[in-house]
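Residue numbers (this note's numbering), protein chains in the order written: chain X, 2 to 470; chain D, 104 to 410; chain F, 25 to 233.
It is worth saying that the hints were derived from the structure and are not from the lab. Fair warning: there could be bad hints in the mix.
Said to hold, decoys possible - Using C-beta positions, here's what the derived DEER-type ranges look like:
1. T389(D) / P17(X): 44 to 50 Å
2. A456(X) / Y118(D): 27 to 33 Å
3. A58(F) / P426(X): 29 to 35 Å
4. W406(X) / M25(F): 35 to 41 Å
5. G114(X) / A211(F): 35 to 41 Å
6. W406(X) / Q202(F): 28 to 34 Å
7. A24(X) / A101(F): 38 to 44 Å
8. D266(D) / A118(F): 46 to 52 Å
As the list claims (entries may be wrong) - Rough simulated footprint, nothing fancy, chain F against chain X, three-plus residues with beta-carbon under 8 Å:
9. 164 to 176
10. 267 to 279
11. 391 to 405
The structure presented is a predicted model; accordingly, all values stated were derived computationally and were not measured. Beta carbons: idealized from backbone N, C-alpha and C, even for Gly.
If you want the building blocks of each chain, they are given just below.
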Amino acid sequence: MRRILSAEWTKFRSVPGWIRGSAVAALLIALFPITGLGGGPPEQAAPIPIGPGGGPVVDAYYFVHRDLTGDGRITVRVAGLDGVGWAKAGLIASGGESPGSRYATIMVTGGHGVRMQHDYLHDRAGPEPAARWLRLTRSGDTITGEASADGSAWRRIDAIELPEATRIGLFVAAPQQTSGLGSAPGVATAEFGRPELTGDWSGDWTGHQRGARTATFSGYPTGASGGFTETGDGFTVTGAGDLAPATRADLPVAAAAGDLLLGTFPALIVIVVVATLMITTEFRYALIRTTLSADHRRGRLLLGKALVVGGVTFGTSLAAAALTLPLWLWVVRRLGLYVFPAPPGVLLRASAGTAALLALTAVLALSVGTILRRSAAAVTAVVVAVVLPYLVALIPFLPSAVGQWLTRVTPAAALGVQQTLTRPPQVDSVYSVAYGYYPLSPWAGLAVLCAYTAATFTLAAFLLHRRDA
Amino acid sequence: MTDATIEVDGLHKRYGAATALRGMTFTARPGRVTGFVGPNGAGKSTTMRIILGLHRADAGRALVGGRPYRSLRHPLRHLGALLDASALHPARSGRNHLVWLAQSQGLGRSRVDEVLAQVGLESAARRAAGGYSLGMRQRLGIAAALLADPPVVMLDEPFNGMDPEGIVWLRDFLRALAGRQRAVLVSSHLMTELQGMADQVVVVGRGRVIADCAVADLIASASGDRLRVRTSATSLAAAALTSTGAQVTETDQDLLSVRGLPVERAVSVLAAAGVPFSELAPHRATLEEAYFDLTRDAVDYRSGASS
Amino acid sequence: MNVIRAEWTKLRTTPGPAWLLLATAAVSVATGVALSAVDTRLALSGVYVGQIPLAVLSVVIISSEYSTGLIRTTLTAVPSRWPVLVAKALVLTAAVAVTGSLAVLATLLITGSGQAFLSQASARAVFHLILIALLSLGTASLTRDSAVAIGTVLALLYLPPLLTQLITNPVLRRLLDQFAPMTAHPAILALWSATALSAGTLMVRRRDT
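Just chain X, with the same shape it has in the complex:
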């Protein structure tokens, strides 16, 4: 095997066009994001709230509140909630006025039962989903949330350290309603019983729309607006917004770090051309006879070629992606475009995954070239198999199920290895391929391509073995 490898490596490096092709592919990965920089970032009127975790958040809801000094408790019954899905109505202890500040809530939801949530990312379901009595207790720095079905038997859900909480009250929020690949502002109205208060509460009940001027708040549907009315035995509150991590649909102007790997596509085409030529030129110039008379182990020959082209592609692409991705992130952020944060581990996975994706595609092209023995057909087949499903998944007017299905079962699933966004389970949003969300996890997506490549490689080795050279 070592001899086949060194022979195939010599073959590869001694054709200047192939070396140039590999270099061009790496350069495309490294430099292609430059094409997206033209014209500068879009106008962005409102600030993006950043949560305590560092990520963008939606911090918008209708808030009816008073101020609490020292220890105390608020108890309320949610008599009704006119809202669906993750529409929220309940109690909140707010940790500050600035968008993105900490909080703790206990709530009734439109379709997910009673929950206790805090700081945008944390969500815990209550033991009795049908409970309608909620209460928040502050004791020292700790906020404790409890729920009850009858107002007498209370079950604790969670306790959160929140020393900065002063403003406590009722809230109603309704996130965007998604349908297919689009979304529209949502609104919800809740009927509250009169809150029972213990402790030192000051001020009157006042209400306002929180986060009205933030980028992640999509506003009210036309004709609707937030507000609260005091009824005989409680409050009616209408609100919109959410308390959750922001998704791409909340921030269409922002970019995902994975977007900066767009050079993968042109690089992929170049690499497919090179990998195909590695085998089709052997057929075209009858060089395959010389090759096979030097070593008749045809399967190993194919393996040798695959390792060479796969190895070269992986190495150059990894270097290009891993070195330039952080650099581009820095440039793009300096230019004022908001990019969803991604930890270094995720960036590294996206870079290494891109390199693996390109290497596997190269091996796929080599195998298809072996099977078809014609360059044009082989290049087309591979580019179509890997790129076209992705492109179709981007088409806005197709049912989103088509895009999800295509990026699940075709080789294009591997592009999911570039996703740098995660789907928070407590948010219903537009999780489309266009927004950078894939149906499969990064490595599962890559495994799909792996399976295709392995199957094609096996068929190629079988045919190469069986056919007269």
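Start from chain X and add chains D and F according to the hints.
Quick look at chains D and F alone, frame taken from chain X:
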């Protein structure tokens, strides 16, 4: 050197409806240049591909040094072959072509420079092979065949596209290889290329061997018992010789071909008749003539284009 | 005229072109019918996928001559060279016009809007196929190698729609849509094809073969 042989035994091969080989059988032995001749389409290239394990025979077997080619661990150390001199990637340099071949056999680069010197291609070795003339490609192909210094060398039409100087060089080269106890198998569709070089010829037509014999025997059999008589008085000479019962034909101006008469008898008959002659000798057929005698019935494509 | 006949004979006498034209029609119709299930106005969008086998055909028509060395014979027969490319373009145009029209007609009949055949949209779909064929032909005569040519054509066709994903500036985005071969107005696409063909002709004339 016992492994310096190629044994081909009863090969049959069909490609769809076309039958390429029908029981091809012959042996190439050490120390000899074996000519492998036949018209285009006779099955020479197919036989060579089967010897190299590139194509599978439907029946029969081909052995190199007593073993199937595909069982050899370092095949180029047993058999060096040149099938198609144009089988090069045009962008790869000749030297790099040899380097990868050497690596596939676990040979060092020094061997590459040695064979390049042997075939006289050092100056062009680092240029892209796409710019090589056909003669240079042939030399590169021969260098590749010699790379692992194999006991058996097999060349398919190596004289194609070579200039006269190259042809002389290659003949001497192959003779020298045979002199060092190598077995050399050289295919050609032109007998003249083999004359004076081959020891043995295997003449093939329509997928089987028509003749397999030493060059000397072949020429002798084709020469028959004819005499060449050169004389200015052709009609007188013809009359005198015919009277003895011999068959006489005029092959050229001043030249007669006589069948059925020993040399001594012819001399005395002409002398007795007082016919002057400037030459009288047994006819030595060329390899070409012998070949045409043999293949007259075996040509598939008489005016087929050369491949 | 002789050159055109010769090129027609070349196209006719190998099985590849006929199969690829059939694939072009079949893929266009199948995709169109599938898309019309989503929205009947998309019935003729099938050509955006059907153009793929067509691009292969148009590339191979010229690059196979280079890979087999046939180009020398061809150019020896027509020393001024440019008529060869013109003849290839004309023959290809005729073949694609017929195939494309049949495909469009079949799509419209299957989706039940056959009377729309004589509409501007139908003409535009056929025109699109012809122009893509000519663009591919020109690219192949520039690059000579089929793999490089088809890679270039596929990149020209399918990369811009991907690129628009990254471009946030709406003006640039619209500009890209207007000039990318896949989404451009036929007049702009014709400009692409004409540029590729004339550059190809120029190179075929100037280059040693």
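Please write out, lowest number first, the hints stated earlier that are contradicted by the structure. Per hint list: 4, 5, 9 violated.
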